[in-house]
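Trainee: Sequence:
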Amino acid sequence: QNMLEDLLIHKPHDPIEFMINHLKQNNDDAPRICVLGPPASGKTTVAMWLCKHFNAIRISQETLLFKEVLKRTEEAKAYKARNQKIPSALWANLIQERLSNVDCIKQGWILEGFPENQKQAWILQLSGIFPRHVVMLYAPDTVLIERSSGKRLDPLTQEVFHTTFDWPSDPLVQQRLVKPEDLSEQEVSKKLLEYHRNFPEIFRIYQKVLKSINADQPSVDVLSQVLAFVQTRHRSLAPFTPRILFCGPPGSGKSLQAALIAQKYDVVNICCGQLLKEAVADNTKLGELVKPYIDKGCPVPDNLVLKLLTERLSALDCLTSGWVLSGFPRDIGQGQQLQKAQINPN
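Residue 1 is where the sequence shown starts when you use full-length UniProt numbering, and the numbers rise one by one after that.
To be clear, the hints were calculated from the coordinates, so they are not data collected in a lab. Ideal placement from N, C-alpha and C gives every residue a C-beta, glycine not left out. One thing to keep in mind: the hints can contain errors.
Heads up, simulated DSS-like pairs for lysine-lysine below, C-alpha to C-alpha not over 30 Å straight-line [said to hold, decoys possible]:
no., residue 1, residue 2
1, K190, K119
2, K77, K119
3, K52, K179
4, K179, K151
5, K254, K291
6, K67, K80
7, K211, K106
8, K340, K285
9, K264, K208
10, K307, K277
11, K291, K340
12, K211, K85
13, K211, K52
14, K11, K71
15, K285, K296
16, K119, K67
17, K119, K191
18, K191, K67
19, K254, K277
20, K67, K77
21, K340, K277
22, K307, K296
23, K151, K85
24, K264, K254
25, K191, K151
26, K285, K307
27, K179, K190
Pairwise CB distance ranges, derived in the manner of DEER restraints [unchecked claim]:
no., residue 1, residue 2, range
28, P200, A228, 21 to 29 Å
29, Q334, N198, 52 to 60 Å
30, L156, F18, 41 to 49 Å
Construct the complete structure from the given sequences, taking the supplied hints into account.
Mentor: Structure, rendered in structure tokens:
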């Protein structure tokens, strides 16, 4: 899917060569996450924690300006020195260049605090930068203003602490902490106003891959919710044939649920016990082998059951409409045999 997206974006002259290079360079399992939210919502804390957890690369406006040596870094620093706003196109250029480095491709990346508005989000998309997950932190403005007054930064590690909520235990770290610039209540209120004005458009652009998480709760809870979200895989929009397996103890309702699913989604319902009885009733070759076991009330050997299942699941209706299977496997051995027979539910 990612390769197809890149093909549509870049439209290379030689698609085959492009796809080969994509497979050589890209790690489609690497995290590609944006962490967004209002000032003092905890973006840096979440981004740094995710980087440690996934061994990914953290990218923020601060790291791009002061930790990276990119082609247009000095141009961006010049804007900063003149107290001018750095253009969105320049930010996007810096981000695109940084994300094209091998470490970001192999390890994945966490983009913190960008995009800030609709224009920046569009520029990222035009540059071919599509996050798989967007974490949107939120909290009441009163909480954010109170938080920002106690915010402290470790200039050595770039970690963020708080005088009330998250004070470091190490005395050496305590001595290093500094109060970030532009943290007056008026400045924070101004930034919050701008954020609320831009937030709805960003939400609309990323709504299919975005989750809002309440930042006004213990950090452990915030981080666990963030991790649970970024570890999910979004379902592909490509059409697929459902292959559904129902497991559960006797009396749990497997057969009923399978029948309901088959009826609702128009897939083939296959109950293992019923399949055995039908084979005996139809006097097929396999049915003749199965009949003595059913007559005696003994379990039918797994190899016979697998032959019946493989034959039935290879039928045209199962291949085109999909299937829902219940009653098999009942133990690990049967499950492994199912895998060996290339019967894999999705």
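Trainee: Does each hint fit the structure? Answer for all of them.
Mentor: Hints, one by one, checked against the model:
1. K190 x K119: 20 Å, holds
2. K77 x K119: Within the cut-off at roughly 21 Å; holds.
3. K52 x K179: 24 Å, holds
4. K179 x K151: Holds: K179 and K151 sit about 7 Å apart, inside 30 Å.
5. K254 x K291: Given pair K254, K291 holds - Cα atoms ~25 Å apart, limit 30 Å.
6. K67 x K80: Status holds; Cα separation ~15 Å.
7. K211 x K106: Holds, at roughly 25 Å.
8. K340 x K285: Cα-Cα ~23 Å, so holds.
9. K264 x K208: 26 Å, holds
10. K307 x K277: 14 Å, holds
11. K291 x K340: Status holds; Cα separation ~25 Å.
12. K211 x K85: Satisfied, since the Cα-Cα distance of roughly 29 Å is no more than 30 Å.
13. K211 x K52: 21 Å, holds
14. K11 x K71: 25 Å, holds
15. K285 x K296: 19 Å, holds
16. K119 x K67: Satisfied, since the Cα-Cα distance of roughly 25 Å is no more than 30 Å.
17. K119 x K191: Roughly 17 Å between the alpha carbons, so the hint for K119 and K191 holds.
18. K191 x K67: 25 Å, holds
19. K254 x K277: 18 Å, holds
20. K67 x K77: Holds - the C-alpha atoms of K77 and K67 are around 12 Å apart, at most 30 Å.
21. K340 x K277: Holds: K340 and K277 sit about 25 Å apart, inside 30 Å.
22. K307 x K296: 21 Å, holds
23. K151 x K85: 23 Å, holds
24. K264 x K254: Roughly 15 Å separates the two Cα atoms, so the pair holds.
25. K191 x K151: 16 Å, holds
26. K285 x K307: Holds - the C-alpha atoms of K307 and K285 are around 11 Å apart, at most 30 Å.
27. K179 x K190: Given pair K179, K190 holds - Cα atoms ~19 Å apart, limit 30 Å.
28. P200 x A228: 21 to 29 Å: With Cβ atoms ~25 Å apart, the hint holds.
29. Q334 x N198: 52 to 60 Å: 55 Å, holds
30. L156 x F18: 41 to 49 Å: About 42 Å separates the Cβ atoms of L156 and F18, which means 41 to 49 Å holds.
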